[in-house]
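> Sequence:
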Amino acid sequence: MKKISFKTDILPLKNELYRLALRITLNPAEAEDVVQDTMIKVWNRREAWDDIESIEAFCLTICRNLALDRMRHLENQNQSLEEGDHDKADQSYASNPEEQAMQRDRIELIRQLINELPEKQRSAMQLREFEGKSYKEIASIMAVSEEQVKVNIFRARQAIRQKYIETEKYGL
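Residue numbering for the sequence shown follows UniProt numbering, starting at 1 and increasing by one per position.
Just so you know, the hints here were simulated from the structure itself, not pulled from any lab data. Cβ coordinates follow ideal geometry from the N, Cα and C atoms, glycine included. Worth double-checking, as some hints may not be accurate.
[Claimed, not checked] Okay, the calculated beta carbon distance ranges per label pair:
| no. | residue 1 | residue 2 | range |
| --- | --- | --- | --- |
| 1 | Tyr164 | Gly132 | 16 to 26 Å |
| 2 | Gly132 | Gln162 | 17 to 27 Å |
| 3 | Arg46 | Ala101 | 44 to 54 Å |
| 4 | Glu99 | Asp51 | 46 to 56 Å |
| 5 | Glu53 | Asn15 | 17 to 27 Å |
| 6 | Val151 | Leu109 | 22 to 32 Å |
[Stated by the list, open to error] Below are the DSBU-like pairs computed for lysine-lysine, each with C-alpha atoms no more than 30 Å apart in a straight line:
| no. | residue 1 | residue 2 |
| --- | --- | --- |
| 7 | Lys120 | Lys163 |
| 8 | Lys14 | Lys136 |
| 9 | Lys136 | Lys3 |
| 10 | Lys163 | Lys150 |
| 11 | Lys120 | Lys150 |
| 12 | Lys136 | Lys163 |
| 13 | Lys150 | Lys14 |
| 14 | Lys41 | Lys7 |
| 15 | Lys3 | Lys14 |
| 16 | Lys41 | Lys3 |
| 17 | Lys7 | Lys136 |
| 18 | Lys169 | Lys150 |
| 19 | Lys41 | Lys136 |
| 20 | Lys136 | Lys150 |
| 21 | Lys41 | Lys120 |
| 22 | Lys169 | Lys120 |
| 23 | Lys14 | Lys41 |
| 24 | Lys120 | Lys136 |
| 25 | Lys14 | Lys120 |
Based on the provided sequences and hints, a complete structural model is requested.
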């Protein structure tokens with residue numbers, strides 16, 4: 001096994017940990033706290049680093065568990081994913097304000113639909129679609145089987161697709 005360094009192996013994971021924590025807590029300040037707590041917990045377990053097969057999966061698992069614990073404690077699932085990010089436009093539609101507005105609305109709708117998913121589906125989607133993790137890595141992080149990861153992602157995609165179609169057809 002390779003020698004693991006906090007500075008070169010763990011600290012670079014902070015952005016990935018933040019995105020995972022944000023996806024679960026839906027609150028930027030809480031996500032920052034979760035990442036900080038994760039780093040402290042990982043540092044306190046430094047004697048066991050050399051025995052860990054994947055330090056990334058280890059860190060992500062701790063982050064996920066801390067975020068879930070914090071969510072259970074705060075029962076705070078009604079806040080938006082990112083406050084103040086609604087005005088950022090997709091530059092591919094820069095010449096057409098109407099398309100910009102429609103694209104922002106679609107992105108906000110998708111975020112809202114993802115936020116409404118059950119926690120396991122939301123976490124699996126985050127890790128797969130936004131973090132690019134393999135099913136095996138996700139299974140390790142979430143402490144479930146690869147088949148369960150696939151089922152959660154499939155169900156999440158179905159739910160988002162169905163709700164998106166219902167929302168888009170509303171009023172027609």
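> If a hint holds in the structure, say so; if it does not, say that too.
Do the hints match the structure? See the list:
1. Tyr164 / Gly132: 16 to 26 Å: 22 Å, holds
2. Gly132 / Gln162: 17 to 27 Å: 25 Å, holds
3. Arg46 / Ala101: 44 to 54 Å: 50 Å, holds
4. Glu99 / Asp51: 46 to 56 Å: Given about 53 Å between the Cβ atoms, the range holds.
5. Glu53 / Asn15: 17 to 27 Å: 22 Å, holds
6. Val151 / Leu109: 22 to 32 Å: 24 Å, holds
7. Lys120 / Lys163: 18 Å, holds
8. Lys14 / Lys136: With Cα atoms ~21 Å apart, lysine 14 and lysine 136 stay inside 30 Å; holds.
9. Lys136 / Lys3: Within the cut-off at roughly 23 Å; holds.
10. Lys163 / Lys150: Holds, because 20 Å separates the two Cα atoms, which is no more than 30 Å.
11. Lys120 / Lys150: At roughly 11 Å apart (the allowed maximum being 30 Å), lysine 150 and lysine 120 satisfy the hint.
12. Lys136 / Lys163: Answer holds: lysine 136 to lysine 163 is near 28 Å, not above 30 Å.
13. Lys150 / Lys14: Measuring from Cα to Cα gives roughly 26 Å; hence the hint holds.
14. Lys41 / Lys7: 15 Å, holds
15. Lys3 / Lys14: 19 Å, holds
16. Lys41 / Lys3: 19 Å, holds
17. Lys7 / Lys136: 26 Å, holds
18. Lys169 / Lys150: 28 Å, holds
19. Lys41 / Lys136: 24 Å, holds
20. Lys136 / Lys150: Between lysine 136 and lysine 150 the Cα gap is close to 10 Å, so the pair holds against 30 Å.
21. Lys41 / Lys120: Roughly 23 Å separates the two Cα atoms, so the pair holds.
22. Lys169 / Lys120: Holds, at roughly 28 Å.
23. Lys14 / Lys41: 13 Å, holds
24. Lys120 / Lys136: 15 Å, holds
25. Lys14 / Lys120: 22 Å, holds
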